[in-house]
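Protein chains: 2
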Amino acid sequence: MFLWGKGSRKCEFSVSNSVTCFERRRSVGIVLISLAENAFRPLTPIEVNDSLPSFPPINPPVRILMGPGPSDIHPSVSAAMAAPTVGHLDPYFLKVMDEVQTMLREVFQTSNKMTMAISGTGSAGMECCVVNLIEPGDRMIACQNGVFGGRMADVAERAGADLLKLERPFGEVFSVEEIATAIEKHKPKVIGIVHAETSTGALQPLEEISKVVHDAGALLLVDCVTSLGGLPVEIDKIGIDAAYSGSQKCLGCPPGLSPVTFGPRALEAMDARTHKVASWYLDIGMLRNYWGADRAYHHTAPINMNYGLHQALRLVLEEGLVARFARHQLHHSALKAGLAAMGISYSVADPNCSLPMLNSVWIPEGVDDVAVRKQLLNEFGIEIGGGLGPMKGKTWRIGLMGEAASKSNVLLFLAALEQCLAAQGKIPEPGAGVASANKRYLET
Amino acid sequence: MFLWGKGSRKCEFSVSNSVTCFERRRSVGIVLISLAENAFRPLTPIEVNDSLPSFPPINPPVRILMGPGPSDIHPSVSAAMAAPTVGHLDPYFLKVMDEVQTMLREVFQTSNKMTMAISGTGSAGMECCVVNLIEPGDRMIACQNGVFGGRMADVAERAGADLLKLERPFGEVFSVEEIATAIEKHKPKVIGIVHAETSTGALQPLEEISKVVHDAGALLLVDCVTSLGGLPVEIDKIGIDAAYSGSQKCLGCPPGLSPVTFGPRALEAMDARTHKVASWYLDIGMLRNYWGADRAYHHTAPINMNYGLHQALRLVLEEGLVARFARHQLHHSALKAGLAAMGISYSVADPNCSLPMLNSVWIPEGVDDVAVRKQLLNEFGIEIGGGLGPMKGKTWRIGLMGEAASKSNVLLFLAALEQCLAAQGKIPEPGAGVASANKRYLET
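Residue numbers (the numbering used here), protein chains in the order written: chain A, 1 to 444; chain B, 1 to 444.
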């Protein structure tokens, strides 16, 4: 007779090939399971680790998410996430996929059939776009003025691109002229650029760049992880050939999905490939059959994440894109006014290129970055982001994305920040931040 | 003055650079937003598609998930998915990551530090393992006796492996001898094999194969998507070097995460790489810093999916692995007895290699595959799977995974199937299936 497990979890295995398990379930006391002869295919005896601590159930603190994403989640989105799971080929889920695609097309302002949600986070969407557009040896330009442009360059190199990295300092954006010069020099198949650089708060104008790219017969790939749902991302009007985003920024859904869209020129380039896409998981050729009319099984889509995105998109469209963009702009302007009154300035080089949903500001001299963010989190439940890369310790990144772009968040944050700065011995004019933000709100 | 949008969604943009938005929110009537001069950075006028249908909110039918996964979800897992989202570097989420890792180690029966959940579904886990272990030109053997072994071969080819495909017909498993012969012939760095082939219901014994693989100095990579949490997957005892699974099978969580584990030999092989991993998103070198002690930002983990997995793992360990494996075995034996009484037999070649959690059976002659599955779904809410690949139209795949492995599911399914077969003019002995299953339950 073998004995499996030890301590409170025991299982006996007799020579007669029958098995009896005595299991003390923590919640319901002793459970007796026995299996008759033949009903049982011998299992390998296993050792059970009885020292494993019993972890408490999930019970997160309620945060105000004013960092670089995830952003605040509307309760109806959380509720959708908890709806009953159905199969990935269930007629109900196929309908959800259709509706998610239709709503994503509206948010992307495109008629691209190949518009869908990749089963991974924004970086998976980035990789999906790059590996499907680039074959080993293909020429690409990656425009790098922050962490995410740099990431795109890394992804492109791994995909075997003959890469030209076009660099600008963090916080700056690219001019049409320098893009044109780089195109003439490198003659790329693809130019990748970040619309809203989450690491710096800079907004990249795209309309004229798109003309230059297409005049040269190249494809324009755009990172709109942070802009989609908070700023116009007009795929068709601007002529963007491929774009990717994330669920957890201005769309207001938890992280886990990456909306992508591919236009006709991008699909043509994929059809003309001579090598298989390096990634099976992200191969658009196969995903087209799953998200397309065939609904051919590819992988098991994250059902409940798609429920969440569905509801988040419903809220976006119910509010209306125009009103939503104006709301992001409004709260950004109030925050900016409040911060200015507290002597805090934006780190983006050109003030016309400040993102409304990601406010990157210089940390005042002599103020402890981490101490302030800790106090905001622990005393007020407010999360803001620290700087990334060369901006680490130098900037804060204050998100006003989706549900988080609200009067209450702006005013509470300014009031809380006043307290945190005072704790650092940097006392701003009392009430000045809130007063300036309120003035801005009353003007409108 | 420009007018944005049309129909019920309008926005005016005056020459004075101020903007007024009239937005009829579907739910709350007219909302007026106006932004004063300077507060507003002009947005591009956009066209809004007013013909977009208003989709109803998420309200899925309640299914009994007895297909190849996803499986039934315990209400406490759904509730965890809806818990408040926190930031991906929030101290609370870091604790959740730690606990998920600790519990995954227990379920995998390993002490591997590099045990974690990849932010994608099972196929992303497969790709993660392959692309991190294989460099272009590395020799690999992929054992293919079903759809998922075939998928691994495809992933390996894309990763540039010098690949030997070792094939067996669907429903069969590999002998130690043929693996040994193949190793001698191909001298691989990695041998990939599927523990529980979801497309055929076949269970691959691994213990002796592991010895042969390691005697040859190779690495053993195992797909345990369907087995983890329902059968012993003893990573350390068997000596598996790398393995991947999925959240939506016997672990009882919705799809969206892929638990993986890497042992010391696998990590050594990664450290000795001379090329960057083809995938940025799945690069274990970087994920080690995010899931390791550094917690260095890599990507934004799917927070709420990890909440769900955390609760699912709590339930697995609360039940106890031994009791859980015995439960899967018990209900499999009752289902098998019931099906036998209805004249339905298993498609796995060797009856000792039938998976308890995935019952692949021959569709009786003259019975319409799709009609039966539709009737089960529409009249009883029961989902089962059809055959994949060469088994399409020939087999049904009946899942008893996680929460779905229950007496109620087995008895209801047998009773419902009787009705569906009768609708096809194939009337089994009335009540025979349920009677045989009940007899098996009463014996135990």
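Incorrect hints may have been included.
What the hints assert, rightly or not - DMTMM-like cross-link-like pairs, simulated, lysine to aspartate or glutamate; straight-line CA separation at most 25 Å: (1) Lys394(B) to Asp90(A); (2) Lys276(B) to Glu167(A); (3) Lys374(A) to Asp98(B); (4) Lys276(B) to Asp283(A); (5) Lys407(A) to Asp154(B); (6) Lys95(B) to Asp369(A); (7) Lys276(B) to Asp154(A); (8) Lys95(B) to Glu379(A); (9) Lys276(A) to Glu157(B); (10) Lys374(A) to Asp283(B); (11) Lys165(A) to Asp283(B); (12) Lys374(B) to Asp162(A); (13) Lys374(A) to Asp294(B); (14) Lys276(B) to Asp162(A); (15) Lys407(B) to Glu268(A); (16) Lys392(A) to Asp162(B); (17) Lys276(B) to Glu135(A); (18) Lys95(A) to Asp369(B); (19) Lys276(B) to Asp90(A); (20) Lys392(A) to Glu157(B); (21) Lys374(B) to Glu172(A); (22) Lys392(B) to Glu379(A); (23) Lys394(A) to Asp294(B); (24) Lys392(B) to Glu167(A); (25) Lys276(A) to Asp154(B); (26) Lys276(B) to Asp294(A); (27) Lys276(A) to Asp294(B); (28) Lys276(A) to Asp369(B).
Hint data in this document are derived by calculation from the structure and do not stem from the laboratory.
For clarity, every value in this text was computed on a predicted model and none was experimentally measured.
Outcome of the hint check:
With a C-alpha separation of about 20 Å, the suggested pair lysine 394(B) and aspartate 90(A) falls inside the 25 Å cut-off, and the hint holds. Taking the CA atoms of lysine 276(B) and glutamate 167(A), the gap is about 22 Å. The hint holds against a cut of 25 Å. For a cut-off of 25 Å, the pair hint linking lysine 374(A) to aspartate 98(B) stands: about 21 Å separates their Cα positions. The hinted pair formed by lysine 276(B) and aspartate 283(A) meets the criterion: a straight-line CA distance of about 20 Å does not exceed 25 Å.
With a C-alpha separation of about 52 Å, the suggested pairing of lysine 407(A) with aspartate 154(B) is violated against the 25 Å cut-off. Of the pairs offered as hints, the one joining lysine 95(B) and aspartate 369(A) holds, with about 23 Å between alpha carbons and a cut-off of 25 Å not exceeded. At most 25 Å may separate the alpha-carbon atoms for a hinted pair to count; lysine 276(B) and aspartate 154(A) meet this at roughly 10 Å. For the proposed pair lysine 95(B) and glutamate 379(A), the alpha carbon gap of about 19 Å is at most 25 Å, so the pair holds.
About 9 Å separates the Cα atoms of lysine 276(A) and glutamate 157(B), which keeps this hinted pair within 25 Å; it holds. Simply put, lysine 374(A) and aspartate 283(B) have alpha-carbon atoms about 30 Å apart, too far for the 25 Å limit, and the pair is violated. For the hint linking lysine 165(A) to aspartate 283(B), the alpha-carbon distance of about 22 Å falls within 25 Å, and the restraint holds. This hinted pair does not check out: lysine 374(B) and aspartate 162(A) have alpha carbons roughly 51 Å apart, beyond 25 Å.
Straight-line distance between C-alpha atoms of lysine 374(A) and aspartate 294(B) comes to about 18 Å, which keeps the hinted pair within the 25 Å bound. Distance check on the hinted pair: lysine 276(B) and aspartate 162(A) sit about 15 Å apart at the alpha-carbon level, within 25 Å; holds. Taking the CA atoms of lysine 407(B) and glutamate 268(A), the gap is near 53 Å; set against the 25 Å cutoff, the hint is violated. A hinted pair counts as satisfied when its Cα atoms are at most 25 Å apart, and lysine 392(A) with aspartate 162(B) does not qualify at roughly 43 Å.
Taking the CA atoms of lysine 276(B) and glutamate 135(A), the gap is about 16 Å. The hint holds against a cut of 25 Å. With a C-alpha separation of about 23 Å, the suggested pairing of lysine 95(A) with aspartate 369(B) holds against the 25 Å cut-off. Note on lysine 276(B) and aspartate 90(A): the hinted pairing is violated, with a Cα-Cα distance of about 39 Å set against a maximum of 25 Å. Between lysine 392(A) and glutamate 157(B) the alpha-carbon distance is near 40 Å, which puts this suggested pair outside the 25 Å criterion.
A hinted pair counts as satisfied when its Cα atoms are at most 25 Å apart, and lysine 374(B) with glutamate 172(A) does not qualify at roughly 57 Å. Restraint check for lysine 392(B) and glutamate 379(A): not satisfied, since their Cα atoms lie roughly 59 Å apart, outside the 25 Å limit. Note on lysine 394(A) and aspartate 294(B): the hinted pairing holds, with a Cα-Cα distance of about 21 Å set against a maximum of 25 Å. A threshold of 25 Å between alpha carbons decides the hint, and for lysine 392(B) with glutamate 167(A) the separation of about 53 Å lies outside it, so the pair is violated.
This hinted pair checks out: lysine 276(A) and aspartate 154(B) have alpha carbons roughly 10 Å apart, not beyond 25 Å. A distance of roughly 36 Å separates the Cα atoms of lysine 276(B) and aspartate 294(A); the hinted pair therefore is violated under the 25 Å criterion. Among the hinted pairs, lysine 276(A) with aspartate 294(B) is inconsistent with the structure: their alpha-carbon atoms are about 36 Å apart, more than 25 Å. Between lysine 276(A) and aspartate 369(B) the CA atoms are separated by roughly 34 Å; this puts the pair beyond 25 Å, and the hint is violated.
Checked against the numbered hints listed earlier, the structure breaks hints 5, 10, 12, 15, 16, 19, 20, 21, 22, 24, 26, 27 and 28; every other hint is satisfied.
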